[in-house]
Amino acid sequence: MIANTNKELKLIEKAAYDFSRKELWPEREENDKFPFGPFFDASLKKAYDLDFFHSILPETYGGIGQGISTLCVILENICREDSSLGGIIFTNSAAYEILIESGSEEILKKLTESADQVNKFLIAFPVFSDPSQVRHMLKATKGNDGYELSGSMEYLVLGSIANQAIVPARIQGTDSYSFFLVDLKGKGVKVSSPIHSLGLHSCPAVDLTLSNTPGKLLGQEGQGQTYFKKMVDRLSVAAASMATGIMKGSFKEAMDYTKERSQGGRKIINWSEVKLMLANMSIKIKNAEMSVAKACQALDTKESGWKECSRAAALLTQETACDITTDGIQVMGGVGFMKDFGQEKRFRDAKHIQAVFGITPVKKIKHFEELL
Amino acid sequence: MVTRKEIKALTEREPRFDDMTSSVRAVGNQPKWITNEIREVMAIARKFTDEVVRPYVLELDLELTKNPAYLPWEFIKKANEWGLYTLFVPKMFGGQGYNLSCCGVFFEELGSACLAMANLVGVHYLGYTMLTASWNVRMLNKISLDIVDGQKKGEPCLLTLAMTEPDAGTDSQNLEMMDTGNLRCHAKKVDGGYILNGTKIFISCGHLSQWHIVHAYTDLKRASDNTVMIAVRTGTKGFSFGKKEKKMGQQGCPASELIFSDCFVPDENVCLDNRDAIRLKRNIAGTNEQIFAYIWGASRMGVGSFGTAAARNAYEEALKFASENELDGQLLINHEWCQCMLAEMYRNVAVSRATYLEATQANAMHGLWKPMNRKSLYYITKFTPARLMEKLVGWVAEKPIATTIFRKLCLDGQTEEEIDRIDGWGSIAKITGTDAGNKNCQIALEIMGQAGLRHSNRAEKILRDAKLLQIYEGTNQVNRVNVFKRLIKRSSSQAEAFSQNNI
Ligand SMILES: Cc1cc2nc3c(=O)[nH]c(=O)nc-3n(C[C@H](O)[C@H](O)[C@H](O)COP(=O)(O)OP(=O)(O)OC[C@H]3O[C@@H](n4cnc5c(N)ncnc54)[C@H](O)[C@@H]3O)c2cc1C
Numbered sequence: 001m002i003a004n005t006n007k008e009l010k011l012i013e014k015a016a017y018d019f020s021r022k023e024l025w026p027e028r029e030e031n032d033k034f035p036f037g038p039f040f041d042a043s044l045k046k047a048y049d050l051d052f053f054h055s056i057l058p059e060t061y062g063g064i065g066q067g068i069s070t071l072c073v074i075l076e077n078i079c080r081e082d083s084s085l086g087g088i089i090f091t092n093s094a095a096y097e098i099l100i101e102s103g104s105e106e107i108l109k110k111l112t113e114s115a116d117q118v119n120k121f122l123i124a125f126p127v128f129s130d131p132s133q134v135r136h137m138l139k140a141t142k143g144n145d146g147y148e149l150s151g152s153m154e155y156l157v158l159g160s161i162a163n164q165a166i167v168p169a170r171i172q173g174t175d176s177y178s179f180f181l182v183d184l185k186g187k188g189v190k191v192s193s194p195i196h197s198l199g200l201h202s203c204p205a206v207d208l209t210l211s212n213t214p215g216k217l218l219g220q221e222g223q224g225q226t227y228f229k230k231m232v233d234r235l236s237v238a239a240a241s242m243a244t245g246i247m248k249g250s251f252k253e254a255m256d257y258t259k260e261r262s263q264g265g266r267k268i269i270n271w272s273e274v275k276l277m278l279a280n281m282s283i284k285i286k287n288a289e290m291s292v293a294k295a296c297q298a299l300d301t302k303e304s305g306w307k308e309c310s311r312a313a314a315l316l317t318q319e320t321a322c323d324i325t326t327d328g329i330q331v332m333g334g335v336g337f338m339k340d341f342g343q344e345k346r347f348r349d350a351k352h353i354q355a356v357f358g359i360t361p362v363k364k365i366k367h368f369e370e371l372l
Numbered sequence: 001m002v003t004r005k006e007i008k009a010l011t012e013r014e015p016r017f018d019d020m021t022s023s024v025r026a027v028g029n030q031p032k033w034i035t036n037e038i039r040e041v042m043a044i045a046r047k048f049t050d051e052v053v054r055p056y057v058l059e060l061d062l063e064l065t066k067n068p069a070y071l072p073w074e075f076i077k078k079a080n081e082w083g084l085y086t087l088f089v090p091k092m093f094g095g096q097g098y099n100l101s102c103c104g105v106f107f108e109e110l111g112s113a114c115l116a117m118a119n120l121v122g123v124h125y126l127g128y129t130m131l132t133a134s135w136n137v138r139m140l141n142k143i144s145l146d147i148v149d150g151q152k153k154g155e156p157c158l159l160t161l162a163m164t165e166p167d168a169g170t171d172s173q174n175l176e177m178m179d180t181g182n183l184r185c186h187a188k189k190v191d192g193g194y195i196l197n198g199t200k201i202f203i204s205c206g207h208l209s210q211w212h213i214v215h216a217y218t219d220l221k222r223a224s225d226n227t228v229m230i231a232v233r234t235g236t237k238g239f240s241f242g243k244k245e246k247k248m249g250q251q252g253c254p255a256s257e258l259i260f261s262d263c264f265v266p267d268e269n270v271c272l273d274n275r276d277a278i279r280l281k282r283n284i285a286g287t288n289e290q291i292f293a294y295i296w297g298a299s300r301m302g303v304g305s306f307g308t309a310a311a312r313n314a315y316e317e318a319l320k321f322a323s324e325n326e327l328d329g330q331l332l333i334n335h336e337w338c339q340c341m342l343a344e345m346y347r348n349v350a351v352s353r354a355t356y357l358e359a360t361q362a363n364a365m366h367g368l369w370k371p372m373n374r375k376s377l378y379y380i381t382k383f384t385p386a387r388l389m390e391k392l393v394g395w396v397a398e399k400p401i402a403t404t405i406f407r408k409l410c411l412d413g414q415t416e417e418e419i420d421r422i423d424g425w426g427s428i429a430k431i432t433g434t435d436a437g438n439k440n441c442q443i444a445l446e447i448m449g450q451a452g453l454r455h456s457n458r459a460e461k462i463l464r465d466a467k468l469l470q471i472y473e474g475t476n477q478v479n480r481v482n483v484f485k486r487l488i489k490r491s492s493s494q495a496e497a498f499s500q501n502n503i
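Chain order of the listed sequences is P and F.
This note's numbering numbers the first residue of the first sequence as 1 and each following residue consecutively.
This note's numbering numbers the first residue of the second sequence as 1 and each following residue consecutively.
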């Protein structure tokens, strides 16, 4: 829907969906076994080579320059079949947004120019929390050679696959936090094994411990929350597009199944209770699509109120996705609950994604307070 | 103010007094001692969850994530040692004889620690319920003795209920849908028994169980009045286990495929077939329908208690999190929105519990455990020395007259209104509890954010476990149709449920 009138976006949409169906879908169950099975390195590399990771970047840094819509189109279509890859692209995009918002041009240049491999390009980021709500934060101290970071932080997404991370830390003596870039292969860095979690199994998060680890300050001291909020305003719609993709995938699998499965002497799609459930799903999904499309347009044209559009789209679609994926299992009965079908993973992934950027009710209240 | 005649007429109007008041009417009708038993059973369950279940919750789930083929033999051995598989087996059959009105509370306790382990105990009683619904005293005695023996020897003897087939889930559980469906588990009558051919799927605890209470059909095109309820022992020639499902939740409890291939089962293992059914008051399909209602009335009450358990477990995790974590300089528990969310969760638990307790009383007054809950029988069995009773029952159980009497009393004695009530309330308890369970899990994860995503923090597992509750024992949608069928349809003379005429 985002791509409706834009030829270029249509091509990207097709490429992303093809990738999703042909590359991700067949291996979905295997890939979801991580960290108790192998990581899908090959698929990640292919996605990287297809430039799915660069969409958020300005053209000067090798990006596509199509604005947020491109990212949303990619994420939506990837997440129809496997949100883990979506989660990786999303997290990485959030980190790059922080670089952009903090005006870290040199770092951007360096990272984009030298990144011949995906790990070199990827930046880990704690995308499931709002740093201003984290109680125990990393501490940064300024020495002669710049800043050093110590302490621990939880749930650093991509921490086991990216070469570097952007982490929030409090500079001693200041109230607000700042963002730092750290080399995950560098001094004093300890990374836990991937954390076994509800969903997005192949978008691994780790706990991080730093001990006098050099960190490069991004932007200005104490301005972390400013950059974070700007990033959230822009990327919320991207989170919404992930949720929309999951819903679409869930709906399609459910619908296909109900056309095949018979109970009570007819295809179950012909029981009006099943039909009504599918109808409700389709209505909610269409509304989610419209919401995301509108938010993309508002954001790309910097229409007034675009921030509100972006955040509202996320809060609504993330919640809807939890309902839809619940019904997506339900209309399939017992098989919907089994790992050899796609629905149970979508159900977990949808709930997982709802936690992007923090606790849901708090996100809602903060959103509302911005409007006051 | 009102005459007797008026009272009768006015209270028999919809909604009917009797459908509204099982708990109220149970006061005075049910043996008082049951309350003590419920308290005791709750304590047993709490001790068991403290010592066995809680320390093992995450480990068992993780084990299955890593190795889906794993079978939790150790756990069921432990549960067996604790006597959990004979707890609700009547004393007259050698069990501990705790009253069935305790079941809901018992399973809420177990389930609120771990639904998978609760199921590893609960499914056994699901099989036992199906067996009991046939009121075949000889079979009840025979299988109960096996269970008791299994406890003594330290070799768990569990039961399953086996109805679902690859092409017939809902169809296998609703009489109206059986004949237009694709039931394939065939029972061919031969000299001295039946030969079974076909497959059952999703059978909880299959791989771990010794006895399987199976529905098979002598005429696949007219299964509704050609059903055979038959008990098959693990190890019987021609019976094997197939696939074990890879589930999202309740991973610790296997869902198994049972394969019958020219499997001969002797007549002595038949719990109920048309040779018996024809002797009863109702026509054969009517009796089969009644058996379903007996099973579902009791077992869906149980799933309602599982749902309540999930709701409670999620609530407890959320409460703990909110009590320990700060936001904007204040504990979450002191944010008003959070208090209201916790209150909503608490309400969900309370309402679900009240509903399964109401269904419990419906069963006690009108359903599966009505005979044992008659004051006379209750106190006789309670206070007669077990040895004496076993001897007496052992002798009587072998006589066909025992089964005849029980069937006359329980099957022929049950009215249509009672059947509607227990089955209708079973569905209400199931839908209410399991929807509440899922709702609370969703809310808990919303309150916990990132922390809720971690396996080690337990909340995400409760969500994965709880989703299954809306599916098994009939999907909640199908249970809604069942509420319509049992409690609403009669209000309109033209209404039909599960009918080919419905669209
Ligand atoms: C883990 C697990 C354990 C289980 N354990 C057992 C067990 O121990 N023993 C046993 O016998 N079974 C067991 N079951 C089977 C369970 O009871 C069935 O899965 C359930 O009844 C649904 O059947 P189905 O999966 O075939 O779905 P289907 O019957 O194929 O239903 C698919 C969808 O169609 C809908 N539908 C079907 N018919 C109608 C209708 N007439 N009107 C409206 N909607 C309709 C359903 O609501 C559902 O949404 C288990 C299932 C699972 C998943």
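Because the hints were derived from the structure by calculation, they are not lab data.
Honestly, I wouldn't trust all of these hints.
[What the hints assert, rightly or not] Listed next, the in silico DSS-like pairs over lysine-lysine satisfying Cα-Cα at most 27 Å (straight line):
| hint | chain 1 | residue 1 | chain 2 | residue 2 |
| --- | --- | --- | --- | --- |
| 1 | F | Lys246 | P | Lys252 |
| 2 | F | Lys221 | P | Lys267 |
| 3 | P | Lys7 | P | Lys302 |
| 4 | F | Lys244 | P | Lys339 |
| 5 | P | Lys267 | P | Lys190 |
| 6 | F | Lys439 | P | Lys286 |
| 7 | F | Lys243 | P | Lys267 |
| 8 | P | Lys33 | F | Lys246 |
| 9 | P | Lys364 | F | Lys320 |
| 10 | F | Lys439 | F | Lys142 |
| 11 | P | Lys339 | F | Lys243 |
| 12 | P | Lys46 | P | Lys187 |
| 13 | F | Lys370 | F | Lys399 |
| 14 | P | Lys259 | F | Lys153 |
| 15 | F | Lys281 | P | Lys267 |
| 16 | F | Lys399 | P | Lys190 |
| 17 | F | Lys142 | F | Lys153 |
| 18 | P | Lys110 | P | Lys14 |
| 19 | P | Lys230 | P | Lys259 |
| 20 | P | Lys22 | F | Lys246 |
| 21 | P | Lys259 | P | Lys275 |
| 22 | P | Lys45 | F | Lys66 |
| 23 | F | Lys408 | F | Lys142 |
| 24 | P | Lys366 | F | Lys320 |
| 25 | F | Lys243 | P | Lys259 |
| 26 | P | Lys46 | P | Lys339 |
| 27 | F | Lys8 | F | Lys91 |
[Unchecked claim] Covered stretches of chain P (chain F as the covering partner; in silico rule of three or more C-beta atoms under 8 Å from a C-beta of chain F):
| hint | stretch |
| --- | --- |
| 28 | 188-197 |
| 29 | 234-248 |
| 30 | 268-280 |
| 31 | 321-333 |
Backbone N, C-alpha and C fix where the C-beta goes; we use that ideal spot for every residue, glycine too.
| Against the structure shown, which of the earlier numbered hints fail to hold, in ascending order? | 5, 10, 12, 14, 15, 16, 18, 19, 27 and 29
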